[in-house]
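Construct all of the structure, not just a fragment, from the sequences and the given hints.
6 protein chains.
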Amino acid sequence: MSNIPWQDRPEGSNDVVWRYSENPIIDRYAIPSSNSIFNSAVAPFEGGFAGVFRCDNKAVQMNIFAGFSKDGINWDINHDPIVMQAGNTDMIESDYKYDPRVVFIEDRYWITWCNGYHGPTIGIAYTFDFKEFHQCENAFLPFNRNGVLFPEKIDGKYAMLSRPSDNGHTPFGDIYVSYSPDMKYWGEHRCVMKATPFEDSAWQCTKIGAGAVPILTEDGWLMIYHGVINTCNGFRYAMGSAILDKDDPSNVLYRTQPYLLGPAEPYELAGDVPNVVFPCAALHDFEKDRIAIYYGAADTVVAMAFAKLSELIQYTKDNSL
Amino acid sequence: MSNIPWQDRPEGSNDVVWRYSENPIIDRYAIPSSNSIFNSAVAPFEGGFAGVFRCDNKAVQMNIFAGFSKDGINWDINHDPIVMQAGNTDMIESDYKYDPRVVFIEDRYWITWCNGYHGPTIGIAYTFDFKEFHQCENAFLPFNRNGVLFPEKIDGKYAMLSRPSDNGHTPFGDIYVSYSPDMKYWGEHRCVMKATPFEDSAWQCTKIGAGAVPILTEDGWLMIYHGVINTCNGFRYAMGSAILDKDDPSNVLYRTQPYLLGPAEPYELAGDVPNVVFPCAALHDFEKDRIAIYYGAADTVVAMAFAKLSELIQYTKDNSL
Amino acid sequence: MSNIPWQDRPEGSNDVVWRYSENPIIDRYAIPSSNSIFNSAVAPFEGGFAGVFRCDNKAVQMNIFAGFSKDGINWDINHDPIVMQAGNTDMIESDYKYDPRVVFIEDRYWITWCNGYHGPTIGIAYTFDFKEFHQCENAFLPFNRNGVLFPEKIDGKYAMLSRPSDNGHTPFGDIYVSYSPDMKYWGEHRCVMKATPFEDSAWQCTKIGAGAVPILTEDGWLMIYHGVINTCNGFRYAMGSAILDKDDPSNVLYRTQPYLLGPAEPYELAGDVPNVVFPCAALHDFEKDRIAIYYGAADTVVAMAFAKLSELIQYTKDNSL
Amino acid sequence: MSNIPWQDRPEGSNDVVWRYSENPIIDRYAIPSSNSIFNSAVAPFEGGFAGVFRCDNKAVQMNIFAGFSKDGINWDINHDPIVMQAGNTDMIESDYKYDPRVVFIEDRYWITWCNGYHGPTIGIAYTFDFKEFHQCENAFLPFNRNGVLFPEKIDGKYAMLSRPSDNGHTPFGDIYVSYSPDMKYWGEHRCVMKATPFEDSAWQCTKIGAGAVPILTEDGWLMIYHGVINTCNGFRYAMGSAILDKDDPSNVLYRTQPYLLGPAEPYELAGDVPNVVFPCAALHDFEKDRIAIYYGAADTVVAMAFAKLSELIQYTKDNSL
Amino acid sequence: MSNIPWQDRPEGSNDVVWRYSENPIIDRYAIPSSNSIFNSAVAPFEGGFAGVFRCDNKAVQMNIFAGFSKDGINWDINHDPIVMQAGNTDMIESDYKYDPRVVFIEDRYWITWCNGYHGPTIGIAYTFDFKEFHQCENAFLPFNRNGVLFPEKIDGKYAMLSRPSDNGHTPFGDIYVSYSPDMKYWGEHRCVMKATPFEDSAWQCTKIGAGAVPILTEDGWLMIYHGVINTCNGFRYAMGSAILDKDDPSNVLYRTQPYLLGPAEPYELAGDVPNVVFPCAALHDFEKDRIAIYYGAADTVVAMAFAKLSELIQYTKDNSL
Amino acid sequence: MSNIPWQDRPEGSNDVVWRYSENPIIDRYAIPSSNSIFNSAVAPFEGGFAGVFRCDNKAVQMNIFAGFSKDGINWDINHDPIVMQAGNTDMIESDYKYDPRVVFIEDRYWITWCNGYHGPTIGIAYTFDFKEFHQCENAFLPFNRNGVLFPEKIDGKYAMLSRPSDNGHTPFGDIYVSYSPDMKYWGEHRCVMKATPFEDSAWQCTKIGAGAVPILTEDGWLMIYHGVINTCNGFRYAMGSAILDKDDPSNVLYRTQPYLLGPAEPYELAGDVPNVVFPCAALHDFEKDRIAIYYGAADTVVAMAFAKLSELIQYTKDNSL
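As you go down the protein sequences, you meet chains A, B, C, D, E and F in turn.
So the first sequence is numbered by the working numbering: it starts at 1428 and just counts up by one.
So the second sequence is numbered by the working numbering: it starts at 1428 and just counts up by one.
So the third sequence is numbered by the working numbering: it starts at 1428 and just counts up by one.
So the fourth sequence is numbered by the working numbering: it starts at 1428 and just counts up by one.
So the fifth sequence is numbered by the working numbering: it starts at 1428 and just counts up by one.
So the sixth sequence is numbered by the working numbering: it starts at 1428 and just counts up by one.
I should point out that these hints are in silico values taken from the structure, not numbers from a laboratory.
C-beta: ideal position from N, C-alpha, C; glycine also.
A portion of the hints provided could be inaccurate.
Result set (DMTMM-like, lysine to aspartate or glutamate): computed pairs, CA atoms no more than 20 Å apart in a straight line [as the list claims (entries may be wrong)]:
hint	chain 1	residue 1	chain 2	residue 2
1	C	K1611	B	D1675
2	B	K1611	C	D1675
3	A	K1584	D	D1522
4	E	K1584	F	D1517
5	A	K1621	D	D1522
Partial selection, computed: residues in chain E whose CB lies under 10 Å from chain C [claimed, not checked]:
hint	residue
6	I1452
7	C1618
8	V1700
What follows is the structure, given as structure tokens:
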């Protein structure tokens, strides 16, 4: 993949991850019905990029929309939400859809998202073309959020990260991995990593959740995730990274004690939910040693950040908990 | 009424309600003692306009102040709060006063506000000249907020919208209508409309409250109101509209599923209470097809927005829950 | 009234209020459908007694039932709940009915209760014969409980005590008085008495509510009420008394610092809601200097207690806050 | 099955479910280490009965113990907890075990329980002899409780009821059904029934959970479950029944609006957790038309209740929500 | 000390600590004003015993009263609370007094209790005769409870156990030791032992607090304490024991994983606060190898339990966390 | 002290306290590891200034760092946190350190801060040179914050203000004074001032805490403090002043009803914790009648404000509660 979005590190900066200077790349009102567009995911598609976007409308109903881009920065987002067809089962309820992730596995693109079925759980769908989408069984019982598939099978089975939750503004949350032989039945649930003790790394002491689809590197699976601290004025979301064992991702090899990127710019500090940096996707190019991260800012807009892949991996190893 | 404040819709905007370009119109420090001026109400008066303003002082004590304006935009607010005389009863306690509304009925101006009497309830006063004010019986037992009178009697009785509450940062709240033969005894309490299910219209799923004095149109009473969603970082207030049956306002004919205006500008996103758009008054001119809405922003300043009356009514009917 | 239930004070007891030795007088399963019968009210009727009883059925739905007794102790309670006809208004919703009080004023019996209308508020009905009941307007907006009418008009108006609440297990609550010219519109709301500071009288430091219909004595209105303390294992309800000014019942002349009766017997300590003594009615006989108090125990059964009227009044005066 | 425990309905009782006169059948101190023995399950075994018992020790650590009985009433419970061997996977963590259920499917007994794996989830094990137990994969991600297997496969798959929860004293909870081809991977999660609106059936308005293993009858699956109401003095647990469609148990055919049995006896009203009736098992005999229900009382002891099967089914149909 | 109360272990019992068969020894109404008498402390005095008793009056005001006994079981409690004189400072406020402990050090008896000074903290007084009491400086800033002095100086300084708290029904709490050269200034605060992880010993997983004055044994300080678990129906208090290093009591040598005595008798299971066993004092006789423990039951009455000292110590060592 | 930082009051301003025009003076990323630098303290030192700074690193671990400045505005902060040596005791635990204060007493500089010892309490250290620091005993048991020493002994004893707290986002808090003969043992705890009733001064109605080291003036001790109001969107911190009796600082002579400075500038309204103005230090020059106040803004940066000393004192006296 050689045409992913890119911008060099700013002069004088030593940051391992830096923001795109033209952030945010997608405004809250980018389509006519939207109140906000954020926490969205993209993937390479037909020489360019396709994506699935969380667009809350002005009734603040949450749904996911397909979009397309030549350069990964300028996006055309459909004005109507994705309409699902039945996948590996009869159609099931979906009161709302939000926080999508996208990953290509074997022959098709898989979408996971937070699906409203008597509370939040993990919805699954596949598409070949970002036009027709086939909705499958929910992966888990409620209550769950932040379901993220690995981009290839592990030991012959699909593997998914998720974050068991409750039915409100969950004040706890750890990352688990589960396996499935068929994208329908899931089991072998293992705890991957937990929120940290306050003293060890406070930015991720309340809850954590997987962000972008993990990237297989020589060191293991590079997972970009979010962590949350509960301040006296609400939850603050920041971004970190971890490296998981290639064969057993419940084995955490490294995990950043410092955050990589926290809310500091105006579009991260103010919006519908202040102080949120929430990564949902990343494009990478091993050859050019680049990674481009997409994140929702303040639950309002989509922003980007960049890093050198090798530096990010080295930083994760050097600053591990 | 032909001289209400007005500014045309900005080029390129399709919004049914748009902001005044010089917002906020009243700064938090507009009078010497004030910490913030917001959630205030105005009415036509002697060829110009008079208003009652919520000015919290720097001890963050809440009180209401009279003010006057030629154009409805530039205001002279008295430096001392309104001093009440006894109205239809002996003087009663008033630990604090906030969120006033103003309406002319028959021969005088009536003021309602949130009155501190062993907790918040609805205070009532009348004035002929915005100099002398006569305080009447509280309409209801505590705990109540957002009491708004109809501008004319219904079936021979005064009618008031209100929002029963509790004694704190109330996490629930629906709009009721009550009637009185005499502005002293109130009864015939009927539920008008309730907070919506999260899935149907999330911006108004936690609580709602009447805003401006209802406007009688051919379609019924046009009521501008506020709705609240409880995010993980606090309450977010936005503005919607509804049309109530002319003869029985507990019969809701239409109610906007989308919000009309939500917090998005810096003065709405940051302030003493971030993410608040709180309408308390509206001036209208049927002939010119105009409405000018006054709203508090971030519990800190007063701002204005405009709409074409006919468009606003049509939008309410076309986008109803 | 010369035939009210009575039992002399037990040997050796100095208590101003003492329990009936055969308590409880009404068992939880006294009618076929009931899960519990408690918090109920009685009045003299046709030489004997009639009452309105809270019987929760085995679906734990709350409703009120008429009952009759020759001696005030042995009761025949109807097996079907009261069916209301329209009183001074069209019929209004009533999701549930509980905690009734009964009082004779002028020419008829008035029933008040906690009525489910978008949350708890005060329902009102009248009957001449305890067979036909006519439901009137709710007295107040939600949320309210413990509405108790005075047995005669005060200054030409009906007068009602009530306790504004919220929509859950209200952790606060004070007693107010309101007036009505017509049992339809209510106003002139005045605070009567509040929960006490913890240090002054802890048994009534969380919330209080009127119990029996006040009794007019030479010293003023004798009001038996309940008070609540929030322990680390839940709410504990006990019984106290106060004397209110005859002409202005918002003027509290005396109020017991100690409770009169607190949960101590097995049927008060255990049941659906442990540790509840909740008075709802009292019969009195000035000539014989007797008062018989009916109270709900543990939200499960009905019990009785007795006192000498003169002693109770003297005790209230001697042990006042 | 012709020798299940039995006691005729008491004289004069009309109850559809009645208590065993010698309750409780197992005392809290029945084994040397125990603080309490409750919420336990039994099954026919080798002409008599075997069971798995929740015995909390005096450190209030929760574990499950095997026990044996000739008559189903007098039990010998092992003094040491069950030691698990690996079943269909490597051994997994189990911080605690509680609230077991037991069911015979095809060739072996399956045990499910609430298993401590980073919070409560559903543990699974099988045994042929109640001596050797083989622990399998947890059915679900945390947080879950009240996992109950159907006694035969449905459409070729194992089926399990469960109640998604959070990690504390969960204040919500509905019953779901999930399927597995192999007792390892689970999916096709469907909502079966939810807590009821307060007005409809308050005893089950806070949360519900499956109790005994469902019994296949001509009318469908007879499921005995518990429901909870949150009073101002804590949770109160009672017992109800439902009939689920034979082929699709997410289709609820009938469900009792009244409870069948609620806390009323001293051993139900007082104990480590007052006001708990919690069914976990039932033995039935179609020929004699009998069912014997085992339930935990007050989180302290084991008690029994009986019913005529046909009456219980008819009652469920006649008193359905 | 050879005449402490005693009763042999019941036939057939293996309990290390057993209850007095005539419990409770002091009834809730033992003095005229009392609502409850519990959580009280005693000491040998003039050949018999003296004590300081928590008697809440019928206004549920908390105060401490002196009492005297010949046998330690039958007590004469003064009808009036202790009146303090100034000790090592001017008199300080005391809104309420509860949960006293008593200890003889060097030449006088020291009383500690929970003293209401802008919230709960530790009050200190001394007496020579249980008639005149001299109140000293509060040991600590609010909020604190369960202050217990060691019966002799450690390294030349007074030493006190305490449990920092908050201003409500504290849901956390660990035991600390602090030192003072003069009973006026306190410092060198060290954590002694904390509430346990739920999995390790759930009965003491919410909070713990020192109970009786520690007894110096050959193994170290024997400390009887209470532990609390938060069930879905409230706090449950039980009794445990620990052995602390003689020279550095912040060094915990042994601590019981099982409780010694938990609420199981009617007077412990029901009362003003159900499910409370709360030890505040212990008399011991090394020669006869006896210990007599006084504990409050259900926040309502005073009860006793007995143990063989050597057995209790051995049990603590054998069943240590 | 004649070279403290200074900037004249802006033209047209009447504010008694005004902000430095180049605020913030220290950016969040001023040292390589920092996420935020705020709530810090300074003192005159060797002709310039030294300070102790709270720098949270990017793992959001809280620690304190020494820094130096010639002009009090431009600061060189060490890149490594202060390493403590043992002071008047063995080294004790310190899980974290935050919100330092600095004061010179007699012969050395004393540092106090919020020290993590089983929760927050007050840590104490001294230094002669801001290079070597000696950590002493914690002043108090947990939980405590905002410990501030007086700059000279009172009645021969060290005196410290503090604010007892709980272990979370404390929703209450009053200021106390305590005394010590030796900086090791503390006692004579007296309440100084409490949070105000909402109606009297709402900005300080939730909790208050001492800010800068008190300044001895002719009128008494001038104490700059913070007050907090709990809005529906979180805590809002503002700055006030009080004057305490010279000889008995628990005697409050004056206390500002209005705040002196509240969050209004972008760097105060947005950041890691929006709406925080938190003073921790002040430099004064009696001769030039100047005071320079250092405060943390939005828990993210350090800012300054100025006042004329005489005006500030007069304002405090003229606007007292």
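Do the hints match the structure? See the list:
1. K1611(C) <-> D1675(B): holds (18 Å)
2. K1611(B) <-> D1675(C): holds (18 Å)
3. K1584(A) <-> D1522(D): Status violated; Cα separation ~28 Å.
4. K1584(E) <-> D1517(F): holds (17 Å)
5. K1621(A) <-> D1522(D): holds (16 Å)
6. I1452: violated (18 Å)
7. C1618: violated (24 Å)
8. V1700: holds (5 Å)
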